[in-house]
Structure formats: C-alpha cells, structure tokens
Amino acid sequence: MAVNWAQVFFNSAITGSLYLIGAVGLTLTYGLSGFPNFAHAEFITLGAYIAYSVAAQFGLGPPLALVVAFLCTGIVGFLCYRGVFQVLAKRGATIIHLMVASIALGFVLRYSIGAAWGWEPLYFATVWPTSSLWSRHDIGSIAVTNLWLWLIFAAVALAVTMHFVLTKTKIGKAIRATSSNPELALASGINIQRVIWITWFLGAGLAAIAGVFRGADTRIWPMTGWDIILPMFAVAILGGIGNFYGAIAAAFIVGLAENFGVVALVALGLSSTYRIGIAFLILIITLIVKPQGLAILFRRG
Amino acid sequence: MLYVLDLIVFIGIFGILALSLNLEFGFAGLANFGKVAFFLIGAYTYALLSQIGVPFYLCLIAGAMVSAAFGLLISLPALRLRADYLAIAILTFGEILRLIVKSESWIAGGDWGISVSPAIAISGGSHRVDVLVNIGLVYFCLLICFVIAQLLANSPYGRVMRAVREDEMAAEALGKSRARYKAQVLMLGSAMAGIAGGLYAQYLQYVLPGMFMPMVTFTVWIMVLLGGPANNWGAVLGAVLVTLFDRGTNIAKDYLTLPIDPSNLQYILFGALIILVLLYRPQGLLKESPIKTKALESVKRERSVGKGKGS
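Which chain is which? The protein sequence lines are A and B, in order. First residue of the first sequence? That's 1 in this note's numbering, and the numbers climb one at a time after it. First residue of the second sequence? That's 1 in this note's numbering, and the numbers climb one at a time after it.
None of these hints come from the bench; they were simulated from the model. All values reported here derive from a predicted model rather than from experimental measurement. Please note: incorrect hints may appear among the correct ones.
Said to hold, decoys possible - Listed next, the stretches of chain B that the computed footprint assigns to chain A, with coverage defined by at least 3 CB atoms under 8 Å from CB atoms of chain A:
1. 23-33
2. 216-225
3. 274-281
Claimed, not checked - The list that follows gives simulated cross-link-like pairs (lysine-lysine, DSSO-like), each with its CA atoms no further than 30 Å apart:
4. B/Lys-292 with B/Lys-176
5. A/Lys-90 with A/Lys-173
6. A/Lys-90 with A/Lys-170
7. A/Lys-290 with B/Lys-176
8. B/Lys-300 with B/Lys-176
9. B/Lys-287 with A/Lys-90
What the hints assert, rightly or not - To give a feel for the contact side, a few chain B residues facing chain A, derived at Cβ under 10 Å:
10. Glu-95
11. Ile-100
12. Leu-265
Ideal Cβ placement from N, Cα and C applies to all residues, glycine included.
Given these sequences and hints, build the entire structure.
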C-alpha cells in the first residue's frame, strides 16, 4: 500500500494545531492552580455548542461565532474556578479533592449540555452550508480544506501572540512568574488571584476555539471534548506542565506520533481506533522517563 | 420484590468496589481514577475462564489475581508519580483497556460482548431463587473483603498506610518504604475490584465494553467520598446511599415529568453532590476513627494524670 507521506505530515500539522489550541489552557491552569482540570474537556465541548447555537439562532458567521464562543466559555471557565476550585482550595482541599471536583464539574457541564442540546450529533455544515470553509483544494498531492488551513493559521497566530504576551506584556510576565514561583510573585507585588482568574478565562476561551475547530472537522456532541482530552493531557505533560513553549513542541510531537502511528497500525493490521493509545504511550513514557517533560529544554540559565 | 433483591445485589457488588477504593484512597491516599479498569479485568477474566468450564470460585480467584497483577504492573511506574500523574495514568489505562476489548473482537466479542454463565445455577429454580443465591454469594465476598479491610485498617500495617498518606517523607524517614506500601495496597485493592468484576459479570450474565465506562469509577468515588474516606463502614454506607439514589432516579424517571431528561439530570445531580460533599463535608458522613493502640492509650492516661497533678 502506498502511503501519501506528504499528506501524513500535513495531517500531523492539523492534529498538532488542534491539540496546541486546546492544551494551552489545560497546561497553564494546571501549572498555576496545581491540579489537572478534567472539566477542560467540557470547555471544549461547550465552545463548540455555543458557536453552533449563535450561528443557528442569529446567523453569525464563523469568525463572530468563534469570538462569542471564546468569550462565553471563558466566562464559564472563570466562574468554575471562582465558584468551585478557589473555594475548595481555600478550604484546604488536597490535589485529589480538586481533581475529583473537576471531574464532577465536568459531569455537571457535560450532562447539562446533553440536556440542553441533546445527544444527537450536530454538524456545523448545517448552519454554515455555503461557507468557504468546506471547499477542498489539492496542493500537490495533499488534499486540503480551508478549515484546516484556518486551523493551522489559528495555531500559528496563537503561538506568536502568546509568545509576545508572555514575554512583553505585564500580565504575561505575571503569569510566568506566578507559574514558576507563586510566593515570590506575591512578594513582588503581583496580584496572583487576578493572574489565575485571567488564565482560567483565557484557557477556557482557547479550549472553546479548539472545540469549534474540532466540531467543524468532525461533529459536535456532548463527548466532543472528552474524545480528545487524553491526548491533550499527553501534550501538557510531555511539554512540561505550565510550559507554553514545551506545549507547542509537544502538540506537534503528539500530532506526528498519532498520524504516523496510524500508518503503522494499519500496516500492522491493527484497528486504527488505537490512535488514542499512541498518546497514552507518550504520556506513560514521559511520566516514567522524565516527568518534567520537555520543559527541561526550555529553561533558561 | 425482585426489584429490591436486585438492588441488594448491586449494593453488595458496589460495596466491594467502594471498600477497595477506600483502601487505596481513604487509607493510603492513592488517587485511583481507573477503578473501572480492574473491575473490567475481573469481569472479563471470569467470562473467559467460565467459558472453558472452570468452576466459578476459581474464576473469581483468577479474576482477583489477574487484576492484582495488573495493579502491580500499573504501580511500577505509579510509584514514582505524584498523585495527579498517577490519576491521569490510571484513568488512561482504563480507557485503553476498554478500547482493547472493544476493538479486538476475538477476545470477547468486541462491542457486543459475550454471555457469561451464572456462578451457581440451580436447576428448575425461578429467577427469584437465582437472585437470592447471588445475594448469598455477593455478600459472602463482601464480608470477606470487609473483614480484610477492617483488620488491615486497625493493624500496624494500616497505621503505616495512613502515615504514608499523611506525610510520605516522614514515613520514609521512619524506614517505611512508601513504594512498597503503595504497590501492595494497589494490588489488594485491584484484587477486590477483580472479585467485584467477576461477581458483576456472572450476575448480569454478560460482559460488554459499554459496562465499563469511566462513570463507574466516579460512582465508586462518590460512594467513598460521601460515606467517609478511611472508614470502612462509611464506604459501605456510601455504596448503599448512592445505589439507592441511582435506582431512585431511575424509578422517578417513570413517574415524574421533569423539564430535564432524567438520565441527564441524574449525572448532573451526581456531579453536584460530589462538589457539595467536598465543599461542606470533606470528611464524609462517617468520620475516620482515631487510631487507638495500647501505647497511645497509656500515653493519654499519663497525660491526663499529669494534668490532674499540676492543677
């Protein structure tokens, strides 16, 4: 069987872009608040549904729907932190309690979504039937849709913007400072609380964007986020928790591994549903070999 | 009536699961987010062995042993991991395991599963007799697990487990290998979950991947958190309450007209319940009983005597 390697590379870039956008919030909130937020999966799902709804109700186009989804989910993310996790942390909850609470919150969100929109899958193609997103081109031997190009563009834009935010702006420096040493950040006059709030807002908003892209690429249903949360954990851990640059590299490594892994699986005659197992392998190997992940490569001095 | 009997069997099976998670999380502080994986291993081991005619008690024991072996296997990397890493790793392990039994239809029928013969089939017995026999079998296993858990909890071993939970460094400094304790607890907990899985498979008389969703793990977590971590009576109480609640909402579904689909509402309430318990009663309904030993008692007595003298 001839494998179109160029296409596999391109698909890896798409997968990596999606994981990057989705995992940024996960890794940053993980680093700042000190626990993995499993409800992040539901932020992804919620974003997709919000974009779908505003598109269906008010006829918004993809860019506006994306903005609305970003803002609304961001607010939900902030409220989740403020309403549940911050209160728990203040009462001295352990990391295990926080993780359980995040899973519980995920259930509340997921099944509320199920109650509001139903469990039948929805498709963006039905609300944006004439959009140019779906048009296919062939670049050389690679099949490309506009949606995928936008996805890659969004990931690159995110990487560049985040780089400038993290290195040049006050809030970005505050995020990095709080992530690496909260006490010292507090002593330097940084309002840690506000930094964490803003990060939760941003992270959930970005998750929503990933959700819209994922939903547009496949379908929207209450498990949209859960379907891709484990690879995102692999990205967050491989990249080093709380480390944005590590996450960029890790997202594309996981993307490459998944897409080349699928080729290998098919060649070995195994089911391609094991795709998610590849991320799991990366996760386990990272945890055993180097739990700090790629962060060790991105540490200065 | 049959409905109540069925409920009692479920309480028993989930009681075993809750006890096993209570050992791992309550006493040893291990965040096992993949309980369902060991439940699955027990169920599939039982199903596969009973198909080739192995007697039921051997199937159950084999399920426990295979499950314990996987517990040990998982604990090898897990020993070095922080609580959050361990949680993610075990959760993923469960998902992968479900994926494997789902995709590899040669193992046990893939998505459609396979049927399992009941452990003790009484010829000519009605369904009701079958359920009663199951109650006997399940509660016998529950009793054994409960006694083991209770003996462990009040032994020097149990005190070391709690010490590891409270302060790993301090326990290590006192010469207790936290790695070994964690591995042993994970093995024991997995063995119990394996037995519960075997009982579940033979009671329902089929196994299929859809029975082993991550939701099962979190149902058990609710039981332990609600009932009271590090209290074996609490774990059983939690199993009773949560199973009743689960069934109650299923019945309510038939009699009430709600604005929200009850099958969604049930999970929303489950989630809200955990959050409320964590917020307002993190010690659960039944508190962990303080450690009592002869030495501690005598120290206490001396202290109170000393105070009496001083005043």
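A quick look at each hint next to the structure:
1. 23-33: Our answer is that it holds, as 4 residues pass the Cβ test (under 8 Å) against chain A, meeting three.
2. 216-225: holds (count 3)
3. 274-281: holds (count 4)
4. B/Lys-292 with B/Lys-176: Holds, at roughly 20 Å.
5. A/Lys-90 with A/Lys-173: holds (25 Å)
6. A/Lys-90 with A/Lys-170: Distance ~26 Å between A/Lys-90 and A/Lys-170 Cα, so the pair holds.
7. A/Lys-290 with B/Lys-176: Given pair A/Lys-290, B/Lys-176 holds - Cα atoms ~25 Å apart, limit 30 Å.
8. B/Lys-300 with B/Lys-176: Since the Cα atoms of B/Lys-300 and B/Lys-176 sit roughly 25 Å apart, the hinted pair holds (cutoff 30 Å).
9. B/Lys-287 with A/Lys-90: OK: B/Lys-287 and A/Lys-90 at ~21 Å, within 30 Å.
10. Glu-95: holds (7 Å)
11. Ile-100: Since the shortest Cβ distance to chain A is 8 Å, the answer is holds.
12. Leu-265: holds (7 Å)
The structure is consistent with each of the numbered hints, conforming to all of them.
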